[in-house]
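Asks: Residue numbers (numbering that gives the first Met the number 0), protein chains in the order written: chain A, 0 to 359; chain B, 0 to 163; chain C, 0 to 473.
Simulated from the structure, these hints should not be mistaken for lab results.
Quick caveat, the model's predicted, so the values are computed rather than measured.
Mixed in with the good hints there might be a few duds.
Here are the simulated DSS-like cross-link-like pairs (lysine-lysine), alpha carbons at most 30 Å apart as the crow flies [claimed, not checked]:
(1) C:K468 / C:K267
(2) B:K110 / A:K156
(3) C:K348 / C:K151
(4) B:K162 / C:K348
(5) A:K156 / B:K83
(6) B:K83 / A:K96
(7) C:K32 / B:K88
(8) C:K187 / C:K397
(9) B:K110 / C:K32
(10) C:K32 / B:K161
(11) B:K161 / C:K267
(12) C:K91 / C:K437
(13) C:K91 / B:K162
(14) A:K156 / A:K96
(15) B:K161 / C:K91
(16) B:K161 / C:K33
(17) C:K151 / B:K80
(18) C:K91 / C:K33
(19) C:K437 / C:K359
(20) C:K428 / C:K363
(21) B:K83 / C:K158
(22) B:K162 / C:K32
(23) C:K468 / A:K336
(24) A:K156 / B:K80
(25) A:K207 / B:K80
Pairwise CB distance ranges (calculated) [to be verified]:
(26) B:K124 / A:L8: 27 to 33 Å
(27) C:G168 / A:F37: 34 to 40 Å
(28) B:A156 / A:L88: 50 to 56 Å
(29) B:H122 / A:N292: 30 to 36 Å
Looking from chain C toward chain B, a few residues come up when the C-beta cut is under 8 Å (computed) [claimed, not checked]:
(30) I15
(31) P38
(32) K101
(33) T134
(34) M199
(35) L202
In this text, a Cβ means the ideal position worked out from N, Cα and C, and glycines have one as well.
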Amino acid sequence: MFLYDFSELTSSIHNSISSVMSPLATTVVEMVIAGIVFLLFYALVGLILVYAERKICAFFQCRLGPMRVGKWGLMQTIADFIKLLMKELIMIKNADKLLFNLAPFIVIIASFLAIGAIPFAKGLHALDFDIGVLYVMAVSSIGVLGILLAGWSSNNKYSLIGAMRSGAQVVSYELSVGLSLMTIVVLAGTMQFSEIVEAQNTGWFIFKGHIPALIAFVIFIISSTAETNRGPFDLAEAESELTAGFHTEYSGIKFALFFLGEYMNMFIVASIAATVFLGGWMPLHIVGLDSFNMIMDYIPPFIWFISKTAIIIFIMMWIKWTFPRLRIDQLLTLEWKYLLPINLVNITLMALCVLNQWHF
Amino acid sequence: MNIIIFYILAAVILIFSVLSVTSRRILRAATYLLFVLIATAGFYFLMEVNFLASVQLMLYAGGITVLIVFSILLTSNIDHKFEKSEIKKNIFSVLLVALGAGVSLSVLLNKTFNVKSNTEPVHVKKFGYALLNYGENGFVLPFEVISLLLLAAMIAAIMIAKKR
Amino acid sequence: MSIQSFLLMRHELMLIIIALIVLIAEIFTPDHKKGIITPLAIILFSISLIVGFLPAIEGNLFGGMYNTSSLIVLMKNILNIGVFIILLQSNKWINLLDNRIKISEFYILLFITLTGMFYMISSGDFLMFYIGLETATIPIAALVAFDRYNNKSAEGGIKLILSSALSSGILLFGISLIFGTTGSIYFKDVVGMVSANDSMMILGFIFFISGISFKISLVPFHLWAADVYEGAPVSITSYLSVISKGAAVFIFMIVLYSVFNSISDIWKNLIYVIAIATITIGNLFALRQDNFKRYLAFSSIAQAGFILLGLISGTELGMASVVYYVLVYVFSNLAAFGVVSIISFQTGKENISDYNGLYKTNPKLSLALTLSLFSLAGIPPVAGFFGKFFLFTAAAEKGYYILVLIALLNTIISLYYYLMPIKAMFINKSDNPIQTFKTDITSKIALAICLVGMVLVGFSSTFFETILKYCFGI
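Model the full structure from these sequences, guided by the hints.
Replies: So this is what it looks like as structure tokens:
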């Protein structure tokens, strides 16, 4: 049915490896391969997103952005990356060294665990649990611990305040993220990502579930922006008041890890939004227009996935560079007094829609 | 392969639980506890009860540890260290732990368990149905009573925090 | 499942509804009108008290997770009466200006913990048992710390929550071992699989007993009791020492008699030792106390030891004597706490030495306290005597003569310290006695209920016979 099925590719790789090695060695080798692939992917996405952010920021501020290094400044982030690698790693006196060094890794590992569950194309995902959505929410909730530990172990008041803000913020907004995803789980009847995507064969969920799905989508975008500590919710690192928030004391590659972690989290939430609401790698299908669907099927699923993700990332950057930063009490009021009740009502509405077959 | 992972996880749990209770810095103790909880989730993944594993990660690692760390952030200073406990106390508690572990181990190791082979991984839908089932082997009553407990806990927390 | 089957759960449902009504009332009453919440809560609770006495239907719900029988309904009614008395006693104290802002929280938490106890008593499986136990414990810790600005109160709260967390851990470990051997959490499935030959089962059972012993504060798990009782506000102390302890004793008895009946030899030996230790240590420590709340704490530890005497027999009579004793204990202990709370509220004095010459200034209160202490000690005219008598009979009937002898000796020791406050009130002279004061009406009603109860339950044989009718042996 689908032109591109990557499960053949992955299974052929598996077969060729297991034909020369014992099962144990096969597992180890496959784990290493998957790890390397994701590492490369991380580096690539990190570079592209940093560049994109600077360009888009410049666009919104009527500037040009980086232009000097390479054509249109394309090499700028690579140069920045090399600069970061060469910087000195400053050790803070009186800091808790173990936790100070551990914190960036917790952030990165949490995002690493989450990205494994995302389906890039049919058969192209590392983990396909029957509880995929829950799993992603679970592992991404660990990331905030890295921020909290970083803030505390730096022995710096700006870091501490930033970390506490971030803790309060992430713990609160996780609820909204989870509930808005659950709204779609109600519609899909499954938490498995591959099944969620397959179910959107006849139309993306944002169209199928119309009103409640649209509300859920908006809430998801707002709360996932907050959960990833991005503007206008970037209180944890509000430059004007907290220097750089929880990573004030970090330098060099450790800072780069936090930086990368932030962009990867943005990529992950965007790709989840793309998968759950916009059909993931599923091409745009309109029931009845078979020839149109055929043409759409020729575009590779990977392209579909990346372009949907890119659009959502663009929206998130647009939000960041447009709205002013909130205050912490406004932020928590927004979540607990508005988003959460709306979400709960919305999930009931969706349940009603599903029960009465009001969806398409 | 599973056996190797099992022993790795078990070693992680053992080492970090000991570290967690012996550490003299409170936030480090909480961090070690985090590793213990994550490794426990690893056990569940190993047994292919993914739902339980995710809930373990979400509630314990992502929820409870975050709350613990958060409260430490609010109350504790980075320079603070626990006092070194007396040697007499240490010896006594080690003996006590050894005694307890000895008794439990001797009982558990002598027990022959009925091993169920080829158990099917439990699909998440089963959990959903069991949670809302009010017949035999259903859990709707505990599910609802826990919500009562949580309500009470919230009200209790508010009551303690209320200003005069 | 039909609507009618919910009638089985009427005790719990009524309480939940009351708690939610109070919660809503809290939201919609302005701050200066918070006083109306007290009558609201008391009236609603008295309705639920009366509804509880309606004829019981037996049966179980939720596939055996929730059981009810005439005996269980009786137990819940006993606890309901106790809570009603406590509500009356606390009326004046909770309406103090300082406490007023937390008034509805007090009632909500009280009702929810009571619901937890009811679910615990009614539980038909270990899960519901555990959840009920937690619901009955965690909010109480907050109530103990009600007087947050008083260091002792805060200390009591944290001590209670820590020790109960430890005991819950032990209990859960025990339950998990039992689950590991039987593969089921339902009592009805576990019964058939309990055997004395399975050492893992026995280990789990011992952990289970230790966990419950914490809640009943049996020796050697009693260490938290005195500090918590001293720190908590008097109403909460009485709630902890009467209601919460009574509920734990009830479920302990039900589980021992109906689930672990086939290993009764093992638990009888255990309880034998625990009973002797509890009675003796409770008594010996009570001798040394001057603070009235600590004094009552140790006295209630000793009382719990006496209750074990009825438990150990494993007969119908034993069970009936335990239920009867708890009923008597509710009245007599609450009367004692009532007087202590009135005096503490009026004068702030809580030491026994402050009671010197109380008879001169407040004769009625001292008479009430005397009667209740007589009842606690087991001196004939009041119900406490019959309670102890039945407990001793039940144990002696099964041949535990040495245990009964030790208990009798301890009763004599306890006479000494129960008579100490009486001596203080009637004989000792004081230069600075507690002034004469008027007691508020609700406390008076509460005291009157207790005194009438003490006398009536002692003299009328119908109470014991009714209880005996519903009880069962191993």
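Asks: For each hint, tell me whether it holds in the structure or not.
Replies: Outcome of the hint check:
1. C:K468 / C:K267: Given pair K468 (chain C), K267 (chain C) holds - Cα atoms ~24 Å apart, limit 30 Å.
2. B:K110 / A:K156: Violated, because 55 Å separates the two Cα atoms, which is more than 30 Å.
3. C:K348 / C:K151: Holds, because 15 Å separates the two Cα atoms, which is no more than 30 Å.
4. B:K162 / C:K348: Within the cut-off at roughly 26 Å; holds.
5. A:K156 / B:K83: Measuring from Cα to Cα gives roughly 28 Å; hence the hint holds.
6. B:K83 / A:K96: 20 Å, holds
7. C:K32 / B:K88: At roughly 54 Å apart (the allowed maximum being 30 Å), K88 (chain B) and K32 (chain C) break the hint.
8. C:K187 / C:K397: Holds. K187 (chain C) to K397 (chain C) sits at ~27 Å (cutoff 30 Å).
9. B:K110 / C:K32: The given pair, whose Cα atoms are some 63 Å apart, is violated under the 30 Å limit.
10. C:K32 / B:K161: Holds, at about 18 Å.
11. B:K161 / C:K267: Violated - the C-alpha atoms of K267 (chain C) and K161 (chain B) are around 47 Å apart, more than 30 Å.
12. C:K91 / C:K437: The hint holds at about 13 Å.
13. C:K91 / B:K162: The hint holds at about 21 Å.
14. A:K156 / A:K96: Holds, at roughly 17 Å.
15. B:K161 / C:K91: Within the cut-off at roughly 21 Å; holds.
16. B:K161 / C:K33: Roughly 15 Å separates the two Cα atoms, so the pair holds.
17. C:K151 / B:K80: Satisfied, since the Cα-Cα distance of roughly 25 Å is no more than 30 Å.
18. C:K91 / C:K33: With Cα atoms ~14 Å apart, K91 (chain C) and K33 (chain C) stay inside 30 Å; holds.
19. C:K437 / C:K359: 14 Å, holds
20. C:K428 / C:K363: Holds, because 18 Å separates the two Cα atoms, which is no more than 30 Å.
21. B:K83 / C:K158: 22 Å, holds
22. B:K162 / C:K32: Roughly 18 Å between the alpha carbons, so the hint for K162 (chain B) and K32 (chain C) holds.
23. C:K468 / A:K336: 55 Å, violated
24. A:K156 / B:K80: Holds: K156 (chain A) and K80 (chain B) sit about 19 Å apart, inside 30 Å.
25. A:K207 / B:K80: 57 Å, violated
26. B:K124 / A:L8: 27 to 33 Å: 30 Å, holds
27. C:G168 / A:F37: 34 to 40 Å: 39 Å, holds
28. B:A156 / A:L88: 50 to 56 Å: The hinted range 50 to 56 Å is violated for A156 (chain B) and L88 (chain A), with Cβ atoms some 41 Å apart.
29. B:H122 / A:N292: 30 to 36 Å: Check passed, 31 Å falls within 30 to 36 Å.
30. I15: Holds, because the Cβ-Cβ distance from I15 (chain C) to chain B comes to roughly 7 Å (cut-off 8 Å).
31. P38: It is violated, given that the least Cβ distance between P38 (chain C) and chain B is near 21 Å, above 8 Å.
32. K101: Given a least distance of 5 Å, the restraint on K101 (chain C) holds.
33. T134: 4 Å, holds
34. M199: Given a least distance of 5 Å, the restraint on M199 (chain C) holds.
35. L202: Holds, because the Cβ-Cβ distance from L202 (chain C) to chain B comes to roughly 5 Å (cut-off 8 Å).
In this structure, the earlier hints numbered 2, 7, 9, 11, 23, 25, 28, 31 are contradicted, and the remaining ones agree with it.
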